[in-house]
Structures are given as C-alpha cells and as structure tokens.
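Residue strings, one per chain:
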Amino acid sequence: MGQKITIEPVTRVEGHGKVTIHLNNEGKIEQTRLHIVEFRGFERFVQGRPYWEMPVLVQRLCGICPVSHHLAAAKALDVIVGAGTGEGLTPTGEKMRRLMHYGQMFQSHSLHFFHLASPDLLFGIDSDPVKRNIIGVVLQHKDLAVQGVMMRKYGQEVIKATAGKKIHGTGAIPGGINKHLSEEERDYLLHGDDYMNIDRMISWSQDALEFFKEYHKKNVAIIDSFAEFPSSYLSLVRKDGALDLYHGVLRAVDSEGKKILHDVDYQDYGRYIDEEVRTWSYMKFPYLKEIGKQNGWYTVGPLARMNTADYIDTPLAQKEFEAFRNYNGGKPSNRPMHAHWARLIEILHSAEKIKLLLNDSDLMEGELVTKGTKKFEGVGLIEAPRGTLFHHFKIGENDMITMANLIVSTTNNNQPMNEAVNQVAVRVMTGKKEITEGMLNAVEVAIRAYDPCLSCATHALGKMPLEFEIYDADHNLIERKFKD
Amino acid sequence: MNNRNTRILIYGFGNPGRQDDGLGVMLSEEIEKWSASKGLTTIQTDSNYQLNLEDAAGISGYDLVIFADASGEDINDIFVDELKPSAAVEFTMHAVSPAFILHLCTQVYGHAPEAYLMHIKGYEWEFMAEMTGNARKNLEIAINWIKNFLLEKLK
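Protein chains in written order, with the working numbering: chain A, 108 to 591; chain B, 382 to 536.
If you are wondering where the hints come from, they were derived from the structure by calculation, not from laboratory data. Do not rely on the hints blindly, as some may be mistaken.
Some, not all, of what chain A presents toward chain B, calculated at C-beta under 10 Å [claimed, not checked]:
1) Q166
2) F221
3) H222
4) G243
5) M258
6) R432
Here the structure is a predicted model, which means the values were calculated and not measured. We put the CB at the ideal spot given by N, CA and C, even for glycine.
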C-alpha cells in the first residue's frame, strides 16, 4: 500500500508550512509538494484606507520583516505623491531609508545564518535534533553564538535609530523620511562599546564568511550538490549592474547566465510577470510571461542577487563576490546551499554600507521629504532579505486605496522551493523502508536554504501546533507525530 | 541586595495591528506610564513583535523579567507561570519562546534573571488595531496584577 507522509508545519520556518510526500507501493516517491497557507486577505483589507497609512499598516502583515514591507510600501507611495521612483528622494530621505534597510538585512541574515543554518552545518543534517539548534551551537561554539546574538542586536539598533521604534516604525513616509539621525545615534552605532560598533560588525561578518568557506572545503558534496537543480534568477540591480538591495531595475537571468529580463522599469512589472493559481496550493506561482507558465518560474533572494549582479560596490564584499563567481565558473550557481554563502556576502556588504552611511553628513541634516504632482498608481519594489518584494497600490480621487497587490519574496520562491523539496526527497527517501527524522530534516534543510517567511505575525501562545501525519494510499491516517 | 534596587524588566510582545495579539505590548506601555508616575526607576519596559536571539542579551542585565503575551489558550483571563530555562526546539525559529531566551541567556552569560510569563487571554486576531472588549477587561486585570506583584517585590 502506498503512503502519504505529511510534515506539518516545517520547523525553523515561520508560519504554517506542510510537506506532503507521496510514496507508491515500492517505496518510490511519486510526488512531493510544499504547501504554504498564504495570507491574501490583507490586499482586500487595505482597500478604502487612506494611502498615507500604508507604510505603517503593512507592518501588520509580518512581524518578521516589517521593515521590508514598510519600505516597499513607502516606495510605492513615493510614486503616488510625485516624488518619483528611488532617485526622486532627497539625499537625506534616500540615505536614511537605505540605512534602515541595511540594518534589516544585517539582522535578518545574521539570524538565518547563526540560528537557522549553522546548527545543520556544525552538527550535520542527520545529527541528534536535541543538539542541532542554537543552544547546541552555544555549548560547542560559544564565540559564534555570541556573535549571532550581538549582530542581531546591532541590526535592531540601526532599525530603531532610523524607523523610530521597534513596533510599527514610522520612519519612512510617502516622499521621504520623518527624521534625521542624531549625533548620539550615529556615535553609538559607529563607536559603541561592548561589541556594539560597526568595525566589530564588519570583522565578525568576515569571520562568518571564513567559517563558511572552511566548512565548504571540508563538505563540498553537501554545499555543492544538495538539492542542486537549474533555475532562472530574478532581482533588482542598479542601472549599472551593481548589486543594489534598495532600488534599481528588474533583471532576470537563466541557469546559464543569459539575460531573460533586460533591466526593465519595475513600474511596468505587470507586463513581464504574472501569477499562476494551482488547485493544490494556497500560494500562487509567479512566472515570467515571455517564458510561460511551465518554464518561466524563477528564484529570488541572496543566491539570485549574486547570480544577476555584475559586481558589488563595496570592496570587501566585492572580493568575496569575485570568489563566489569564480568558484561557479563565472556562471550562475544553481546550488541552493550556496544561498548561505550569498547571504554571508550580503551581511558583509550591508555592514560596509552601514559604515559608509554613518559617516555621511546627509543623514544628520538636509531636507527630509520630496513632493510633486500626485499620481493615482505606484509600484514599490525592494530586495527584502528573502528576495524581491512587490507592493502595488492604486488610489481614487479621495486618496483612498482602491487596489493593492503584494507579491512577497516567499511567493516568488514557491516553485523553486517545490523543486528543491522534490530533489531532496527523491535522493534521501527513495527505496527506504523507514522514514527517519534525519530524512525529514534533510527536506527541511532544502526549504530553509530559501529562508521562507510565512508569517502572519500572530503568534499568540497556544496557537502553534507542530505535527507529522502519515497517510496510506487510501488517505487513512496511520501515524501522527508531534514536535515539542 | 536591597529589594528596592531590584532591576525589573516588563517585556510585552505581539502585534498591536492584529487586535488582541497586541495585549502584551499594551501591558508594557501601561506599566511604563505607571512606573514613571510612581518614580519607580528600577522598572524598565520593552516590547517587540516577537522574541528573538538578541533578547538574551537584553534580559541579562536584569534581576527580574516578566514577559507578557496574548494567549489563545483555554484560560479565563490571565495566567502567570514562573519560567524555567528550556532548550526545547521551537516550531518557529524566526521567533522563540521566553523559556528559550532564558536558556540562551544562561548559556551565553552564565546567569539568567528570575522570570515569569504572563498569558493574557485574547479572542480575535484580525488586521484591525482595536482590541475586543473582553480583551480590554483582561488587560486591566493583568495591569493590576503586575502593579501589585511589583510593589511586593520592591518592598
């Protein structure tokens, strides 16, 4: 009798995820799917609300990456208030937003590497799950764990200084920003004691990269071959092709590096990208229209950004970027575990950018807001930690939102995550009589490489069950496991 | 140590944009106003959408921490339990439990504060900012409980 194995929800992934693995009578995998319950109600909810509320309101969506939503919404509204796209802001407005964004990138990527990825790397995918977590890292590699804690804290301090507060930050407003950086805030972030200074953060970012590269040398098979598959890649790049996490044009390349989306203005994203609905999934599947539904899917996130960009405009990260590209023969890396490498390069780049900005006097003086002729539609894109985030709003004559469309990073990565899950499931489970915890974790490791954020930000106590369910071919529940 | 010098942190977490999910944050804000009005300078407050790694550093400098969060559990109004460090692997690691933070603090800094978790019963979790009436009643109960508890602690 065949079996259907359900992993629900996925551990170390925010929100509600479920993996169903369908085995036939011979124990071979017939189908593997990742199911994610995407919350779409928000787009309906904001209709009828005044547009200027959006940068704060969208933070209700997600307590994990509220800064990304805050900035993407503000960028869309820049267009609506006539401040243009990206380049239209005052130097102070743009640089304060960039500082906020690099702080978010720094803390989010640090969490992913030290807390979510490093346990798998340090202890092994099939090691004892009791040890395979951040506490295990503390016990055996205390310095690494302390760095993770303090890098998170530093990134949060940057966000607090620019967004104004940790919950429902108000820093970015349509057309600009609502505050300067104070001298006290600048000095604290530049020269704070007890590790809290930018030079220490840059140094630790380099240490983390060295740690990864040493691990890579000793574990080439896991990093290079685990869940490997060809994909296209999409991200913003600066107009000159440089990595740009805050603003740019949309570029996509195929698995060989050939451009398939040629640096287009994202205000016209609807001409190039569509979303497919599939009956078995709550989450849509975005694709490039010109390529089509079947093959037009793409990957977003750190790995995509390393694959689309021509160079990085900070020296230390550029050196690491060159090593990354050289290792992959100058072509895109189609290795999902290289996302960890890419993420670490972005941590270093973000730290370098933070230092440059903290030494820029525009943050402490100058005009905050740009105004222009009102428009009735605006699109804001940003490279969120997990990938390209789309916010699209239309307003009516009375300034109320009449249409909202959001494509979040995890939705963009829907198909590649399904591809990765299938690759790993086939490799580790085919022909096996018993499904072990290590095998299930291997599937999760593939998903975690994309750092999906499925959060609806409601996390009240007692609302998060964790269970495994195993069904036979007749859909009878034959086993259920709970994780505490 | 003189009880009056006890360093206390009230840490509410949740999303105030999701109705009753913001109960912990609201509690934190109310205690901040109250402690300021009473001149209780050893009481500090903090809040965030959820707890994460850096909070281990944040709580390490306190003698007593009370975490507060909205709860969908089957309780009447509020429930307070003393926290013990726990290394349990979490379902969601973009956010972690107070017990996990306590454990991480112990492992990294060699000590952890006395800690409690206040569960405040909530009922609705939609995208609105307004809390339900019953949640507001529970919030009042929670505020009063904390005030009495802290005044006892500081005697």
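Structure-based check of all given hints:
no., hint, in the structure
1, Q166, "holds, 6 Å"
2, F221, "holds, 7 Å"
3, H222, "holds, 6 Å"
4, G243, "holds, 8 Å"
5, M258, "holds, 9 Å"
6, R432, "violated, 30 Å"
Of the numbered hints listed earlier, the single one contradicted by the structure is hint 6.
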